[in-house]
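From these two lone chains plus the hints, build me the complex, please.
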Amino acid sequence: MARPCAVVGIGQTQYKRRRDDLSLDGLVREAALRALDDAQITFADIDAIVLGKAPDALEGVIMPELSLADALGAVGKPIHRVHTAGSVGASTAISAAVLVESGRYDTVLTVTYEKQSEGNATWALSGGKSGGQGAGGTFAPWIREYIRRSQAPEHIGWMVAVKDRRNALKNPYAHLHLEDISIETVRESPMLWDPLHFLESCPSSDGAAAMVMCAQDKVSRSPHPPAWVLGHAKRTEFSSFPGRDTVKPQAGVDCAAALYREVGITDPRRQIDVAELYVPFSWYEPMWLEGHLIAEEGEGWKMTDEGATALTGDFPVNCSGGVLSSNPIGASGMIRCLEAANQVRGTAGDYQVDGAKVALGHAYGGAAQYFAMWIVSSEQQPEFN
Amino acid sequence: MRLWWNQPRMAELPEIDFTLEYPYTRTTGPIIGPFLTGLRDGRILGTRVGDRVVCPPVEYDPATGATIGPEHLVEVGPAGTVDAWTWVAEPTSKHPFDHPFAFAQIKLDGADTTMLHAVDAGSIEKMTTGMRVVVRYHDDGLGTITDVHFVPGDVPPAMPRPAAAGDADPEPVAITEHLIGVRIREPLQPHRRRFLQGLSVGRILGQRSPADGKIHVPSRGYDAINRVPMTEADDVEVADRGTVTSFTEITPVQYHGQTETEPYIRCSILLDGADTTIGGIDIRDIPIDEFRVGLRLQMIWNDAVGRGEVRFDDVDNRSYGLTEAVYERWEPTGEPDVDPELVKEHNF
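Chains A and B, in that order, give the protein sequences.
Residue numbers for the first sequence follow my numbering, so the first one is 1 and each next one is one higher.
Residue numbers for the second sequence follow my numbering, so the first one is 1 and each next one is one higher.
Excised from the complex, chain B in its bound form (with noise of 0.2 Å):
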């Protein structure tokens, strides 16, 4: 028998902080194409709507669904009005600037709707409600809407890219990439910490139902088809071999943050003593032919373990699997196999 509770070895757990984060393409379509591309080229495009020009342009009448087709493209400013500010005294990284600068409702002249950007006024005492401010070009505009700013003042800007103005016909903006993401950060649940914590001493913990006595490993933390929650006292713990239930062999999507190139197989296993299966295991050293159904496995823990020295990098309150920081590989146990039958139930 291991020890394991209140063991001194027992692995710290990190709290949960992770960014999803993707690339993701924008079509920019007949209207916010050209807008775009004006951003970059140094003019700015409303639609006219009807007897009011609207800016940022959009692609129909925004009080009835009409469609605008992209002859109602206008040019509008490059100075304006604004209509109302708001003054960010500590900018983050994701902002245009790195000093403190102003977020404002602009009315371009020519337009009748305000465009939302940056002005870079120095400072909050230089903002007004009513101030003229005007565009400010970048030279080196990529097509998208932090290619300008404003700036107090009716000045007229300089066009962008001075030393590109010769440039034949500059290819219009048809799609943008922005990489959009959120950190993610929450405290790892109880009944999840005490998972985890034990397998970085060799123990597979889960919890016995306390309405119908299954077993469920990973637990949730609640038995969602009886609806009754699972506290410290329904921890049990199982053994670290069981039947292989379901799997399949993965043809790695190559996407954004994939890092796997080779097939594999991702199996799910019913562990003895458990009644739901641990999900997602990689297996890559048993030949997908010998692999079915019905096999029995045992785990090898691997020597971070032994020696205390788990490192649990990427926990979540999730997952259904077993964490790779504590397993080596599964071995066939050479027992002969379970009846699929028999395991059919368990094949999620």
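With the rest of the complex left out, here is chain A (with noise of 0.2 Å):
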């Protein structure tokens, strides 16, 4: 059985374009540093660390936990890298809880970052080669299959991309500040990879995130209510083969299911009080729903069309404002991560969703293929009825 693992610090820089104002070193250590503030302890504390990003050519950096090793702290400690393409973020929070659950260490922090305009994620993920067709050239004609399969109205994706963004209205890291975007700005955006518009894709952000996690035993070390980590899942499956559900990849299907029955949660919609989904391309929020078993097929879109995803709704979905308005890819999924963790220590400032007590946290990678997610707790045995 594992032992109990709690987020007792929570770390963000600010999501930008360019921080132009810091170095890679010090863009991971301001992240870090004011995780181990969150938590009132020092590097000194730390027993091993975690490091996740996207693939290297991202800023042609190559290993770089190597040479990010000191500026973490990790002289004379372990340190460990997780790659598992957009998802790793996710990934990498897990696999650093998975470090506490399992005794080997007491208190572990987790760094995960971007620094995308060192590079060109599109020339990256085109291999380097001219005719590329980037992320949202891969994951338009899935998000059509789901449209043609669901029936779903097109506004649904202008609905999402505005939500997330009115909700990083609320969320100073955020990197997009789009004050005045609405159903009509979105529809009226240039059309990038048919139906996705400018404005329903997410940005291209610099950035960093971490977390300190620790055992039950060091939990009362720090002032902040612990976030405890009732479970998490990771699942994978080849990107093309005969037969593949690309809409709804059965790994996602088995990730949600095989999390859901570690927590112990046999209806998500009512169990589940807050989710921060990856949804880079507005219309994963209503695929990710189905996908994770939230919603049943075809009925994602209507949560989505009544209001069930907002802020106010019963099944809020990215209150932070998500990868839609933020996206250091390699730090995205834990920001997910770490923002379920902020809902249920009622630390998420103005994007707070009233008692919330159960929130799940979810990433996906590569063609769709790779997912992380995770569901924390204020409570360390929540009862679901």
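Rather than coming from a laboratory, the hints here were simulated on the basis of the structure.
There could be a bad hint or two in this list.
Stated by the list, open to error - Incomplete in silico selection of chain A near chain B, CB under 8 Å:
id : residue
1  : Leu22
2  : Asp25
3  : Glu59
4  : Gln133
5  : Ser239
6  : Ser240
All C-beta atoms in this analysis are idealised placements derived from N, C-alpha and C, irrespective of residue type, glycine included.
See the structure below:
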């Protein structure tokens, strides 16, 4: 049986198109030092460090876990590197939790980042060749297939784009603060990859995110309420094979089912109070509501349409503004996990969901083929009815 | 039936030779920025960390991770002592000199740590551990580590850019650019070689999985789902026509090496007889509002195939498309569409 693990420190940088005031070392340290400060501990209290980021080609810094080790206070301590494409932020959080749960380390610092301004993600994802289709170009046909199957009306994507950006206005760390966004501005923005408009797509951000996690007997050392890690799951599948369902990948279904089983959740929509889902393109909100068993097939878009996923809805999604508002790729999944923790700790500021006790953090990566999810709670053993 | 195997005019296939390269930028930050600015302008900076001076400087105490601010920057050098060295007898184009030189760990006067840099010593006999070396600034410094080199001795350097010495406060170095790349050379895998040679004579070759009979085009040389290898005995030919299973209209993002400027369609096609799709097929001459999942298309081979003059300039082991080296375009066949429901599991 794994021993309990809690998030006791959270640190985020300001997310921006270019952090021209900070080196890469400085960027990861800004998040790490804020997480340590939040937990009221120092590097000296850390037993192990887990670092995650998306492909090294994004910045052209190869094996950054080596060059960043000293900057993260890792001298004489183990440092681990995690890489699972876009889902890496959540995979990294889970790897850090496992190191505590296993009993091997009492206090773990985990840091993820991307400094997208130092390279070009579309170049990197195109293997350095001309004619790349980019992430949006890869996902667009699957979004159209979702729309075909579900018969969802076209305004659903626009609604998600507006909702997440309006939520971001409440989040001081968010990259995009689009005061004037509306259904009309989204609809009228340039079409990038049909049906995705410019304003339905994530930005390119610099930023880092960090958490301190520790074992139960170290929790009282930190002043803020802990977020208990109730369970987590990761699943993977090939990008392309005969019979693959790209709209509702089996690995995503299995990941969610395993997570809910581990935590004891039988009715996710009712028993989870708030979710941070990895939604880099607007339509992925309804797609993951269905793909992760929160809504029945064909019903996810209705949750969006009815306002259930709004900050004031019964299943708020991406109260922080989500990936649509800040996208330092390697950190984006960790931000979902730490914003889930913020909600159950009551530290989510202006986008706090009142009384949130159980929260879901989620990320996906690659060609919608890597999944990592966790559930955190203000209570160590909440009762699910 | 076209001739193909052992056919005399099958294309010559080059070794894969690809350079992956990008002009990355680096934000220098509050410590490395002043350090690089100093190299350009004629001084070497370290940081004071407790009772030690660290050079090159860092933003934090390397032992504890504690923050070290720019108020701790101090000047060191210009001379120092060689702690360790190695001789570069055959420099490459990436090295700072085109003649033999040394890389050395240099402990600059006033510093407690060493900096790795190049010593232009003339010959290996001049190099010794413990020797004195001194910096030389380049007149055309840009604010990079290669703005300087070292020479044997103690003679103080001239300041860089003497003509520009009167310039009022040149900009500090905040962002640097570096063309970073790697050249990759590898042989074509055997299944890949047969696939490309088939294309060069007008045949599309797949492989039938011995596990479940499904035909993979192009094949990876193994069935990833059933985890079984496939060999030449599993090669089969499929049709040069098929059904659109997925498409995107691409608005090209302008990045280093991108040559596309106008929107175009990228699609996946399930060839008749195949169970996997070929992807990334460029469509330039079918209007977007006529393009759809289920559309039937025929590949039009180019003249080079007919003449046996196909040239593969850009081959690899991994792409899942067909190379434009062999086709002119894809044309609607005029057949009725295939129901999208029937190809939904092929929409990668």
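Against the structure, the hints:
1. Of the supplied interface hints, the one on Leu22(A) holds, with its beta-carbon coming within about 5 Å of a beta-carbon of chain B, less than 8 Å.
2. With a cut of 8 Å, the hint placing Asp25(A) at the interface with chain B holds, because the nearest CB-to-CB distance is about 5 Å.
3. Taking 8 Å as the C-beta contact cut-off toward chain B, the hint placing Glu59(A) at the interface holds, the least distance being around 6 Å.
4. Among the interface hints, the one on Gln133(A) holds; its C-beta lies about 5 Å from the nearest C-beta in chain B, closer than the 8 Å criterion.
5. Taken as an interface hint, Ser239(A) checks out: its beta carbon lies about 7 Å from the nearest beta carbon of chain B, inside 8 Å.
6. Interface hint status for Ser240(A): upheld, as the beta-carbon distance to the closest one in chain B is roughly 4 Å, under 8 Å.
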